[in-house]
Amino acid sequence: MTTSNDLVVEATAAASTTGSGPHDDGRVLEPRARRRLKHPGRWRRDLSALVLLLPALLLFGVFSWWPILRSLLLSVQYNNLVDAPTWVGLDNFANVFSDPILLTAVRNTLEFGALSVLFGFPIPLFLAIMMFELRRLGGIFRVLVYIPVIIPPVVSVLLWKFFYDPDNGLFNAALGAIGLGPFPWLQSTATALPSLVLLILWAGVGSTVLLFLAALSGVSPELYEAAETDGASIWQRIWHVTLPQLRGIMLILLLLQMIGTLQIFTEPYVMTDGGPENSTVTVLLLIYRAAFINGDFGYATALSVLLAAALAILSAIYLRLTRAWSTS
Amino acid sequence: MIVNTEAPRPVVRARRRTRTDANRSLISRADLRRPGLRLSVRAIQGTLLALVAIAGIGPLWWLFKGSFSGTQELLQNPAALWPSTTQWDNIANAWTQLDIGHYLLNTVVYAVGAAGVQVIVAVTAGFALSVLRPRFGRVVYGAILATLFIPGTVSLVALYLTIINVPGLNINIANTPWAIWLPAGAHAFNVLIAKQFFDTLPRELFEAASVDGASPFRMLLQIAMPLSRPMMFAIGLLSLMGAWKDFLWPLVAMSDPAKQPLSVALPRLAENADQALVLAGMLISTIPPLIVFIIFQRQIVQGVGFSGLKG
Numbered sequence: 001m002t003t004s005n006d007l008v009v010e011a012t013a014a015a016s017t018t019g020s021g022p023h024d025d026g027r028v029l030e031p032r033a034r035r036r037l038k039h040p041g042r043w044r045r046d047l048s049a050l051v052l053l054l055p056a057l058l059l060f061g062v063f064s065w066w067p068i069l070r071s072l073l074l075s076v077q078y079n080n081l082v083d084a085p086t087w088v089g090l091d092n093f094a095n096v097f098s099d100p101i102l103l104t105a106v107r108n109t110l111e112f113g114a115l116s117v118l119f120g121f122p123i124p125l126f127l128a129i130m131m132f133e134l135r136r137l138g139g140i141f142r143v144l145v146y147i148p149v150i151i152p153p154v155v156s157v158l159l160w161k162f163f164y165d166p167d168n169g170l171f172n173a174a175l176g177a178i179g180l181g182p183f184p185w186l187q188s189t190a191t192a193l194p195s196l197v198l199l200i201l202w203a204g205v206g207s208t209v210l211l212f213l214a215a216l217s218g219v220s221p222e223l224y225e226a227a228e229t230d231g232a233s234i235w236q237r238i239w240h241v242t243l244p245q246l247r248g249i250m251l252i253l254l255l256l257q258m259i260g261t262l263q264i265f266t267e268p269y270v271m272t273d274g275g276p277e278n279s280t281v282t283v284l285l286l287i288y289r290a291a292f293i294n295g296d297f298g299y300a301t302a303l304s305v306l307l308a309a310a311l312a313i314l315s316a317i318y319l320r321l322t323r324a325w326s327t328s
Numbered sequence: 001m002i003v004n005t006e007a008p009r010p011v012v013r014a015r016r017r018t019r020t021d022a023n024r025s026l027i028s029r030a031d032l033r034r035p036g037l038r039l040s041v042r043a044i045q046g047t048l049l050a051l052v053a054i055a056g057i058g059p060l061w062w063l064f065k066g067s068f069s070g071t072q073e074l075l076q077n078p079a080a081l082w083p084s085t086t087q088w089d090n091i092a093n094a095w096t097q098l099d100i101g102h103y104l105l106n107t108v109v110y111a112v113g114a115a116g117v118q119v120i121v122a123v124t125a126g127f128a129l130s131v132l133r134p135r136f137g138r139v140v141y142g143a144i145l146a147t148l149f150i151p152g153t154v155s156l157v158a159l160y161l162t163i164i165n166v167p168g169l170n171i172n173i174a175n176t177p178w179a180i181w182l183p184a185g186a187h188a189f190n191v192l193i194a195k196q197f198f199d200t201l202p203r204e205l206f207e208a209a210s211v212d213g214a215s216p217f218r219m220l221l222q223i224a225m226p227l228s229r230p231m232m233f234a235i236g237l238l239s240l241m242g243a244w245k246d247f248l249w250p251l252v253a254m255s256d257p258a259k260q261p262l263s264v265a266l267p268r269l270a271e272n273a274d275q276a277l278v279l280a281g282m283l284i285s286t287i288p289p290l291i292v293f294i295i296f297q298r299q300i301v302q303g304v305g306f307s308g309l310k311g
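Protein sequence lines, in the order shown, are assigned to chains A and B.
Just so we're aligned, residue 1 is where the first sequence starts under the UniProt record's numbering, counting upward by one.
Just so we're aligned, residue 1 is where the second sequence starts under the UniProt record's numbering, counting upward by one.
A couple of the hints might just be wrong.
Dumping the calculated EDC-like pairs for lysine to aspartate or glutamate here, alpha-carbon to alpha-carbon at most 16 angstroms [unchecked claim]:
hint, chain 1, residue 1, chain 2, residue 2
1, A, K161, B, D274
2, A, K161, B, D89
3, B, K65, B, D89
4, A, K161, A, D273
What the hints contain is simulated information worked out from the structure, not anything from laboratory work.
These numbers were taken from a predicted model, which means no experiment stands behind them.
Same shape as in the complex, but just chain B (with noise of 0.2 angstroms):
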């Protein structure tokens, strides 16, 4: 999906070129000329740009300047844009009272070991489906996909019934990193984009290595695998955004408040925690998703079909 909306854009774009007002979309240049026409369109725009601003950074403003309030003054001026006095010390304290750094070490610690196994399972599966068409990967892909068409939030009760007895090991893992980080590797969704790239690599690059005598295993690790970097980077830094959102499921199989993520705990702490701290510890859960989101800004925001469809 993502690759057919972006494919035939240069060939359009070679053909606007040659025209005089070809760089147009709904509204044409002669539009503009008119005044009143062009008037109102700016307005429109206008407004809705500083609305869609103000929607944008306000609330994160907002978590901002709470972050360095009082308590007493966030509840009795809610609308202020910056307390009287400046309490820089939440931060730490929220650290500190709230245990607010143990949190974002459980958070940090769970999504990267996710999005490693998520990478890990995409692209052995992914390699094997498409590279070395086993006899039986149409069934086990079959399979695979089928997954998509059950959310996970269906088979919570019986994953949880899963994860307290783990079928033939006969043991407890709630509580434990691998409640996160085995389930996160179920992902079919990667299986997919791992197995559709590895479609595009030439096959002949492979049966040229097969004819050398590479092994299957080094054709992954030296041929497959440097080409797909940018794939694997796209996997994992999808599902290390996914599994620092994620809620649900570690409410259920974190029930030991030492061994909850912050998503989970910061509810938790909101119920009878100083308030303000609250927002500390907040803003903390919300700077390193803000990070990669300003630093990779150009990617994720033209490359947004994957976010819509892993939903």
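Chain A with its partners taken away, still in its complex shape (with noise of 0.2 angstroms):
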């Protein structure tokens, strides 16, 4: 902010010399004239920063501003790639809220994102917590908990896919042992989706109990000191303690894991194709399918601006709470 005023001296110097040319050394120097050659740098400056940010700009612009405008234009455009797009008003829109299939999606991403909660929240939570008082094995357990992360998405869904196998997979061989299942896992309606969320959960808990792990170091130890001496037992030292200082992470991770559930594409896609019965179909594989099976280009998008509009309305949320937080 300092240099700001320094800015605005240089760029009236500068607005105001422009009449005059740079080389006229002829003449006498006007006070002003002579401040702008003393800092000749406000235009060059201006001119090697836009060379500088030419990369940027020509990637950002087209390929992440110019699709995201084209992603409006085309929602409205009967659109094929042969013939030249013509304009249909929101009839697209129309036709995704008029797909009975858009409902079922819906409905599977509420469920994503209900069941993620429900088990993704308090596993990690209780985790950190528990994991956190380890002194020497604290180093260990990172590592464990993290190596779910490192794993390639596509390798875990793949070897996941064989664990589900109803006859020869790893799950029902286990259980089996036990007295438990066969279970249909992925081949029935009811276990189909839940089977996806163990594969989500199991895949991203260690993020999440690293971020807690990081929040609760932030915890400070006066804070336990005095509700011990108040005579708190455990829990409460956790109920009263521990979770209300950990409420910003918490709300942030709830944001992320609610981005990015509507976005969940690979495991579906990959394991169920959206089956059993559509009961594993989500937003984004609706809108793969309409472009890029059905060439349905202004129904895809259309689904995608409205997909927009929700992350855009969290991610708002988002960026607001971490600076929130972060500045706290």
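Build the complex from these two chains, which are given one at a time in their own frames, with help from the hints.
This is how it looks when you write it as structure tokens:
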């Protein structure tokens, strides 16, 4: 902020001397012009900045800003890539809303979200709180818990597809050994979605735990000391000290989880292709199918715009919270 | 966020040392002196550690042993810890019969190029916005940060239509490495990190250089870049890991099977290839990120704010 004043001075100085050329050495220099020669950098610096920003401007322009604008454009067009696109108003949105599968996808997404929060929240939290107390083994725990995050998602999904196989899978073999099952896992409409959630939880628990651990190291020991002096039991300390102190990160992780849930694609695409009977269809899977299987770009982008609106709202809340949280 | 959670630590620690039972957190030493409580805490911790170890190492071990099993045995006895007859040549067979080596090379080419483009864009843009501060800088930075609100997945379709007919050039870059490299550069989070890093460098450094007549490009090459090696390395490594994992975009951009990276080729191969060979291919795809993790585990585990934020 301190330099912004200088910038204004420099900018006005540069602006007021644009009339006179830079090479008029013959004349006696006005104080202002002399100042400009002393700071010849303003224009040159803007130009250098522009040159340095060129890669970013080009790539963001072509591969980010333009596709975002074009999504809006495509969502009100009929486009089959062959004929010239025609304006169709809100027809694409009407098509999306009248498609019964949208309701299924939204319901599945809500179910994904509800299950992820129900299990994906307390488990890492409990793990982090208990394991933060580990002194020597803490490092090993952190590495172990992070291993699933390291495995490429496609490999995890294919691996779990082996595990979930109802006849030759590891899970039914292991559970059968203790007299349970066999379970249909991905083959039944009742268990397919929870099975995907289990995989997603396994793959994501590590980063959630580490974020909780980082937040736990920020909880002041004096608070625990005071609570203990007042006779608070361990559970009371967790309830009245730890959890309130973690409120900020919990909200952030909740939002990140919702943002992630809205974009679930790889797991259902590779494991179930949305089945059985559309029980694992997600919004992103619908977008993919509409665009790259049916070639209906209008439908696909209309649905994308709706998804973008939902995500933008969540992301805005997320960014506001992280800012509030990191400055507090 | 990362900086702010880490920064207050030393202060707290210094204060802790002055106390007797000051290294405490939730459970104090006095608590642990009560045998019942000590036992139950240790029991819970031991159980959790065992469960986490099984969940972490178990699937990885299964992948490993599966890569050296015969398909028959793999299906008949999935719970076996090690196959009765070890097929060491699965890896070599996957390499030749499934062409895993070819897909691995594709993955390496795409990931390294994408990481390179991301570092170049982040450093040049971050330097221009933070040090040179042009008059239009605020607008550009705002427009870049605004894309953080809209994850790439929602402009997927429009991005595909863009790469099959790049505006201004009217060429189709689908099924070429450019389709992975160039869109990777438009990653706002990297620019944010680079700019914030350059913001922490003392301005006097650049002002002095400017007085000495150094051009902005020399300032970037000879002052900023040598000082920002750790930042460039972090962005490069994170981009590399991200590009290695990527699935949806290469699936869309690389419809030609010969051009696909491992992540896209593996599910396609899994449909009808010999399952043990597919597992060997999956192992090959997992080893490089695992090695990176083993080497940099301290930095990755401590700087996890990154991965949490990137998602």
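Give me the numbers of the hints this structure contradicts, sorted from smallest to largest. 2
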